[in-house]
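So the sequence lines, in the order shown, correspond to chains R and E. My numbering numbers the first residue of the first sequence as 274 and each following residue consecutively. My numbering numbers the first residue of the second sequence as 863 and each following residue consecutively.
Errors might be hidden in some of the hints.
Said to hold, decoys possible - The list that follows gives simulated cross-link-like pairs (lysine-lysine, DSS-like), each with its CA atoms no further than 25 angstroms apart:
1) Lys309(R) x Lys340(R)
2) Lys340(R) x Lys871(E)
3) Lys876(E) x Lys309(R)
4) Lys906(E) x Lys343(R)
5) Lys906(E) x Lys309(R)
6) Lys384(R) x Lys341(R)
7) Lys871(E) x Lys906(E)
Said to hold, decoys possible - Have a look at the derived ranges for each label pair, beta carbon to beta carbon:
8) Glu311(R) x Pro870(E): 18 to 24 angstroms
9) Glu311(R) x Val922(E): 23 to 29 angstroms
10) Pro901(E) x Ser284(R): 16 to 22 angstroms
Quick caveat, the hints were computed from the structure, so don't treat them as lab data. By construction, the Cβ of each residue, glycine as well, lies at the ideal position given by its N, Cα and C atoms.
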Amino acid sequence: GEDVEQSLFLSVREGDSSVINCTYTDSSSTYLYWYKQEPGAGLQLLTYIFSNMDMKQDQRLTVLLNKKDKHLSLRIADTQTGDSAIYFCAEDGSSNTGKLIFGQGTTLQVKP
Amino acid sequence: NAGVTQTPKFRILKIGQSMTLQCTQDMNHNYMYWYRQDPGMGLKLIYYSVGAGITDKGEVPNGYNVSRSTTEDFPLRLELAAPSQTSVYFCASSSDWTGAYQYFGAGTRLSVL
């Protein structure tokens, strides 16, 4: 079945780069996504990548996709304390109804 | 710019009680979704709708019901609440089937005691 796995916790120092990793099982996914959740808030879409791409850059964010290994990563350059949050990886599987399968989330802690 | 609005924000229920979680969106989106988020876990899809009058089950539908009589509203009904339904519930909507356009509400935190 469809499954998305992430490491649970990452701690970095302010100014360093953060890399959050994700593995997924459904190779028929069309898009893969990164969402951010701040405490007490809903999810906010950070970025997404089409499955036929292997990299996407958006300001401080870089997404890398390795389809062969079904591995997705999110790199945040010059990490700031405001980046502290939970980051969710998600895939849309083989559905065309927008149903998303989420990982369990990676808590990013940024130390000053 | 209201977006997706969920009410209430917090609720405590006793075992066996029923309630309806409200979700409304003002973006004329066809697609709407209900997710639950358990502590330390990702979101699980409960029900979804691809348009008014059309609903379908997600991954964890047991104990819930939905209806979609209008484009704007997608209420989630809990019948006979159980402690296992203690969770944070998120409603989302999108104009397109890709998750790139899903907008999330702020959530409803529900405790069943």
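Going through the hints against the structure:
For the given pair, Lys309(R) sits about 23 angstroms from Lys340(R) by alpha-carbon distance, which is consistent with the 25 angstroms threshold. For the hint linking Lys340(R) to Lys871(E), the alpha-carbon distance of about 39 angstroms lies beyond 25 angstroms, and the restraint is violated. With a CA separation close to 32 angstroms, the supplied pair Lys876(E) and Lys309(R) exceeds the 25 angstroms bound. At roughly 21 angstroms between alpha-carbon atoms, Lys906(E) and Lys343(R) fall within 25 angstroms of each other, so this suggested pair holds.
Taking the CA atoms of Lys906(E) and Lys309(R), the gap is near 16 angstroms; set against the 25 angstroms cutoff, the hint holds. The suggested pairing of Lys384(R) with Lys341(R) is violated, with an alpha-carbon distance near 34 angstroms, which exceeds 25 angstroms. Taking the CA atoms of Lys871(E) and Lys906(E), the gap is near 19 angstroms; set against the 25 angstroms cutoff, the hint holds. In this structure, Glu311(R) and Pro870(E) meet the distance hint of 18 to 24 angstroms, their C-beta atoms being roughly 20 angstroms apart.
For the hinted restraint 23 to 29 angstroms between Glu311(R) and Val922(E), the CB-CB distance of approximately 25 angstroms keeps it satisfied. Distance hint check: the CB atoms of Pro901(E) and Ser284(R) are about 20 angstroms apart, consistent with the given range 16 to 22 angstroms.
Hint violations for this structure: numbers 2, 3 and 6, all remaining hints satisfied.
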